[in-house]
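Each chain, letter by letter, is given below.
Protein chains: 2
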Amino acid sequence: QEVAKLLELKAKLGDEPAKKFDLKCPKGTRDYNPIQMAIREGVFNTIIKCFKRHGAETIDTPVFELKATLTGKYGEDAKLIYDLKDQGGELLSLRYDLTVPFARYLAMNKINAIKRYHIAKVYRRDNPAMTRGRFREFYQCDFDIAGQYDPMLPDAECVKIVVEILSQLEIGDYKIRVNHRKLLDGMFAACGVPEDKFRTICSAVDKLDKTFWADVRAEMIDEKGLDPQAADKIGFFVKFSGGLDVIEELLKDASLATQKEAVEGLQEMKLLLQYCEMYKIADKVVFDLSLARGLDYYTGVIYEACLQGYTHQPTSPASGQEEESVTVGSVAGGGRYDNLVGMFDAKGKKVPCVGVSIGIERIFAIMEHKALATNLKIRTTETEVYVVSAQKNLVEHRLRLCQELWDADIKTEQSYKKNPKPLDQFQYCESNGIPLSVIIGQSEIENNEVTLKNTLTRVERKVSRDALVQEIKKELAQLKSQ
Amino acid sequence: QEVAKLLELKAKLGDEPAKKFDLKCPKGTRDYNPIQMAIREGVFNTIIKCFKRHGAETIDTPVFELKATLTGKYGEDAKLIYDLKDQGGELLSLRYDLTVPFARYLAMNKINAIKRYHIAKVYRRDNPAMTRGRFREFYQCDFDIAGQYDPMLPDAECVKIVVEILSQLEIGDYKIRVNHRKLLDGMFAACGVPEDKFRTICSAVDKLDKTFWADVRAEMIDEKGLDPQAADKIGFFVKFSGGLDVIEELLKDASLATQKEAVEGLQEMKLLLQYCEMYKIADKVVFDLSLARGLDYYTGVIYEACLQGYTHQPTSPASGQEEESVTVGSVAGGGRYDNLVGMFDAKGKKVPCVGVSIGIERIFAIMEHKALATNLKIRTTETEVYVVSAQKNLVEHRLRLCQELWDADIKTEQSYKKNPKPLDQFQYCESNGIPLSVIIGQSEIENNEVTLKNTLTRVERKVSRDALVQEIKKELAQLKSQ
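Quick note, the sequences are listed as chains B and W, same order.
Residue numbers for the first sequence follow my numbering, so the first one is 904 and each next one is one higher.
Residue numbers for the second sequence follow my numbering, so the first one is 904 and each next one is one higher.
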């Protein structure tokens, strides 16, 4: 008795006293509410449909990898990798992208050819800018083609995929800039850059989408010790941008002609642009010799898609606005990385790869903004029928109706109150966009029927209890065809 | 020139020397290959369809939470939580389940009522047993109903959902054991267990699905200092198992009748079983007073679904086989947790919740095993058409055909070789189960037509180039209707 009283008191007070602590998501991360999830599902469906249209399989890998797997793949960006605490056992890190785990997967399973997509979250301890879609936890949607194939055939398909996805998402006009790492390296050689400075000078060029040439030039000369003459030659080349005509012009350039890599790169660019014409996407593709891409592992074609409404505005770092001048318009990027898989193979056996990654967070941000702006009501459930009690004490009848509808694969809800008010139930239908309700009352029970009501038209009709599933399916089919 | 030669040499050798390191996934984790992904997609589709049939929305939360968010929620299991390394900034941990992040989400957004599902990976530094589907990284599929409602209405729907999912997955016969934490507590009180020992004695009872009563009794008395008489009384009660008749019998028990909690628990159990009858699932549900469930946070109904083909075989820990005797058959579980959200609210404001978690990894393991056993070929792509060159130098024509088919939303592939052998192309179709091929050769080009071939029947027919999309869609529709 004493115990029971204590238990009762305890139940009333709650098991735990109220605590004080930060009620928040970790920095740079966010929850998705049901509306955001509905938008996300729509975007993913478009992307996955495209990947499947191109015959891709899908794989998945763990969210963390052995720390050693990620080591030496990301250059300076390695500092952004999340490490797990050493709790005994292996040293682990959260994946930084999906490309390195993919290469590890290929090497580990000795796969020589695969076309796969992988949609999953990756992790970077970067400075978040969440309103612009830059997070510490974010989705990547990767499509890659691994295998020894003929030049530019897989590469051009990756560019085609970007066009299909960005066009179907209807997020505004865009361009895909393309370039070639071999051409860049050959151009650097032609300009007199020492080979051991290729990657660091390439990183400097990569900043051209957010800073002025003058600043990039200063970085090359002052920080990276490049000869000013070489820098100026680079400055001459990085202005080249356009279509096949520009490639032809560069093929005639005497200094590039001496560089085997440059010529190879130009010839591959030419082939890529020709294939893009056959794919009817040439109007979306711009060759741009200033495109460099940050990651070390690219070895051939590189590309990046930018939304035109969100173009980059180079600002001087001196203005203190560098943070604000990031290319917010970049929504997809990728390229060829022929040596990465070999880094995981004991004998260095290579598997050539090319791929593209869709930067989905930026697209989510735009879609969310669009949804808010249009004030369109987004349904977060797919419920088709709501079972309504017209009177008290009909919970058993409701349960039996729900059972019947669920077992007939009709999406059905009901109130979790034993005796809900009719008005509350109809309001729930309306505010949740549930198209039909099935109403049961004493008279319906006596006549072995129910009332079927269309939420929008408010038209009601009696339906025999036995024909209910059939009548609902008929009505739903009609609603869908409207 | 010198540089070019060096570059060429470098390209031949590869950028990096071969390295030696562990080429593996972290302990307790695995990759999913395309076949496993196809199985996984099928299982998820069945589950998501069921959750949507019951009107659930979905949310997502970050893979890691502030460490403080997880603190004090998991009792002894807290030692299994993965912590992230302190790299400056917040202290973070990987989520251990989806329930605590859900409660944090509700409190943070002041949500009083929601019905949501959440499918995502969770992390536990447990001893993995991968062949039996026990991993350190694994999926949970959670469905929860939050809100102040009438007794057992949300609870019974959770049980109904388990039945729908397990029946549709066709993984064998199963039973859902149900019990009630209030009944357990009232029973402990009736047996003379001191209130401060309720949880620890409950943990001991929880082991009854893997060990003999004699061992559990010894643990209660020797380790946990319980009076042997009390232990024997518990031993009497935990044998009760069955349907409404057993509940009625217990309602007549004089010692339980003195315990308000026990009576409340029994009455709720009775109502739950009655609702299960209305939902036509009573044959799957067994009341079992020995079901305890490990987690601290349950406050009401608890349930657990076990496959009958994989029932638990209690073995003595002394036999050294405890590891092997784990209830491998448990594939779903859950219960009511009315106080968890209040732990995150500054004022302790509660949101009653009930939910169920589908243990998907075990189901994957069974489905994978079934797929292997039946030797059924599982397609990992959905490609409908393969574009075939009958001769050399037709790559341009192939590209134009692919463009046309992709833009008409037909799932199309082609070889990435410039001049693939016809035989290789047809073999690709057959081994990948691609139903149709479009063949182009010189005569087809001259007549402005293509050859459309059915892979299975090998029937070929000429189709006008202009009617191609239309003819393919017709043929695909026919194939689907067969």
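Hints in this document: simulated from the structure, not taken from any laboratory.
Values in this document were obtained by computation on a predicted structure and should not be read as measured data.
Glycine included, every Cβ here is placed at the ideal spot set by N, Cα and C.
Please note: incorrect hints may appear among the correct ones.
Cross-link-like lysine-lysine pairs, in silico, DSS-like; alpha carbons within 27 Å at most [stated by the list, open to error]:
#1 B:Lys1280 x W:Lys1013
#2 W:Lys1377 x B:Lys952
#3 B:Lys1183 x W:Lys1377
#4 W:Lys955 x B:Lys1183
#5 W:Lys930 x B:Lys955
#6 B:Lys1078 x W:Lys1163
#7 W:Lys930 x B:Lys952
#8 W:Lys952 x B:Lys988
#9 W:Lys1013 x B:Lys1356
#10 W:Lys1324 x B:Lys1013
#11 B:Lys1280 x W:Lys952
#12 W:Lys1356 x B:Lys927
#13 W:Lys988 x B:Lys927
#14 B:Lys955 x W:Lys1013
#15 B:Lys1314 x W:Lys952
#16 W:Lys1324 x B:Lys1356
#17 W:Lys1273 x B:Lys1183
Derived CB-CB ranges, DEER-like [as the list claims (entries may be wrong)]:
#18 B:Ser1158 x W:Val1372: 46 to 54 Å
#19 W:Asn948 x B:Gly1197: 36 to 44 Å
#20 B:Lys1377 x W:Gln1385: 53 to 61 Å
#21 W:Gln1306 x B:Lys1376: 52 to 60 Å
#22 B:Lys1250 x W:Leu1382: 41 to 49 Å
#23 W:Gln1306 x B:Thr1034: 46 to 54 Å
#24 B:Lys1250 x W:Asn948: 55 to 63 Å
#25 B:Arg1368 x W:Asn948: 51 to 59 Å
#26 B:Lys1295 x W:Lys988: 53 to 61 Å
#27 W:Gly991 x B:Leu994: 24 to 32 Å
#28 B:Lys1377 x W:Phe1115: 39 to 47 Å
#29 W:Arg1368 x B:Gly1145: 30 to 38 Å
Covered stretches of chain W (chain B as the covering partner; in silico rule of three or more C-beta atoms under 8 Å from a C-beta of chain B) [claimed, not checked]:
#30 1132-1146
#31 1310-1316
Verification of the supplied hints:
Proposed proximity of Lys1280 (chain B) and Lys1013 (chain W) is supported: the alpha carbons are some 22 Å apart, at most 27 Å. Taken as a hint, the Lys1377 (chain W) and Lys952 (chain B) pair is honoured in the structure, with Cα atoms around 20 Å apart against an allowance of 27 Å. Pair hint Lys1183 (chain B) plus Lys1377 (chain W) holds up; C-alpha atoms about 25 Å apart against a cutoff of 27 Å. Taking the CA atoms of Lys955 (chain W) and Lys1183 (chain B), the gap is near 40 Å; set against the 27 Å cutoff, the hint is violated.
With a C-alpha separation of about 32 Å, the suggested pairing of Lys930 (chain W) with Lys955 (chain B) is violated against the 27 Å cut-off. For a cut-off of 27 Å, the pair hint linking Lys1078 (chain B) to Lys1163 (chain W) is broken: about 71 Å separates their Cα positions. Under the criterion of a C-alpha separation no larger than 27 Å, the hint pairing Lys930 (chain W) with Lys952 (chain B) is inconsistent with the structure, at around 33 Å. Distance hint between Lys952 (chain W) and Lys988 (chain B) is unfulfilled; the C-alpha atoms sit about 38 Å from each other, more than 27 Å.
Note on Lys1013 (chain W) and Lys1356 (chain B): the hinted pairing is violated, with a Cα-Cα distance of about 33 Å set against a maximum of 27 Å. Using a Cα cut-off of 27 Å, the hinted pair Lys1324 (chain W) and Lys1013 (chain B) holds, with the two alpha carbons roughly 25 Å apart. Between the alpha carbons of Lys1280 (chain B) and Lys952 (chain W) the distance comes to roughly 22 Å, so the proposed pair stays at or under 27 Å and holds. This hinted pair does not check out: Lys1356 (chain W) and Lys927 (chain B) have alpha carbons roughly 59 Å apart, beyond 27 Å.
For the hint pairing Lys988 (chain W) with Lys927 (chain B), the CA-to-CA distance comes to about 19 Å; that is within 27 Å, so the pair holds. A distance of roughly 40 Å separates the Cα atoms of Lys955 (chain B) and Lys1013 (chain W); the hinted pair therefore is violated under the 27 Å criterion. In summary, the hint linking Lys1314 (chain B) to Lys952 (chain W) is supported, as the alpha carbons are separated by about 9 Å, within the 27 Å threshold. Only pairs whose Cα atoms come within 27 Å are accepted, and Lys1324 (chain W) paired with Lys1356 (chain B) is rejected, the gap being roughly 62 Å.
As the CA atoms of Lys1273 (chain W) and Lys1183 (chain B) are separated by approximately 45 Å, the hinted pair breaks the 27 Å bound. For Ser1158 (chain B) and Val1372 (chain W), the Cβ-Cβ distance of about 48 Å falls inside the hinted range of 46 to 54 Å, so the restraint holds. At about 38 Å, the beta-carbon gap between Asn948 (chain W) and Gly1197 (chain B) stays in the expected band of 36 to 44 Å. Taken as a hint, the range 53 to 61 Å is violated for the pair Lys1377 (chain B) and Gln1385 (chain W), whose Cβ atoms sit roughly 27 Å apart.
For Gln1306 (chain W) and Lys1376 (chain B), the hinted distance range of 52 to 60 Å is not satisfied, since their beta carbons lie about 40 Å from each other. At about 44 Å, the beta-carbon gap between Lys1250 (chain B) and Leu1382 (chain W) stays in the expected band of 41 to 49 Å. With their beta carbons about 38 Å apart, Gln1306 (chain W) and Thr1034 (chain B) fall outside the hinted range of 46 to 54 Å. Distance hint for Lys1250 (chain B) and Asn948 (chain W): a CB-CB separation of about 41 Å, inconsistent with the stated range 55 to 63 Å.
A C-beta distance of roughly 32 Å is found between Arg1368 (chain B) and Asn948 (chain W), which places it outside the suggested range of 51 to 59 Å. Range check, Lys1295 (chain B) to Lys988 (chain W): about 59 Å between beta-carbon atoms, so the 53 to 61 Å window is met. Between Gly991 (chain W) and Leu994 (chain B) the beta carbons are some 18 Å apart, a value that contradicts the proposed interval 24 to 32 Å. With their beta carbons about 58 Å apart, Lys1377 (chain B) and Phe1115 (chain W) fall outside the hinted range of 39 to 47 Å.
Separation of Arg1368 (chain W) from Gly1145 (chain B) is about 33 Å and conforms to the stated range, judged on CB atoms against 30 to 38 Å. For the segment 1132-1146 of chain W, the assignment as covered by chain B is violated, since 0 residues bring a beta-carbon within under 8 Å of that chain's beta-carbons and 3 are needed. Residues of the segment 1310-1316 of chain W lying with their CB closer than 8 Å to a CB of chain B number 6, which satisfies the three-residue condition for coverage.
Of the hints listed earlier, those the structure fails to meet are numbers 4, 5, 6, 7, 8, 9, 12, 14, 16, 17, 20, 21, 23, 24, 25, 27, 28 and 30, in rising order.
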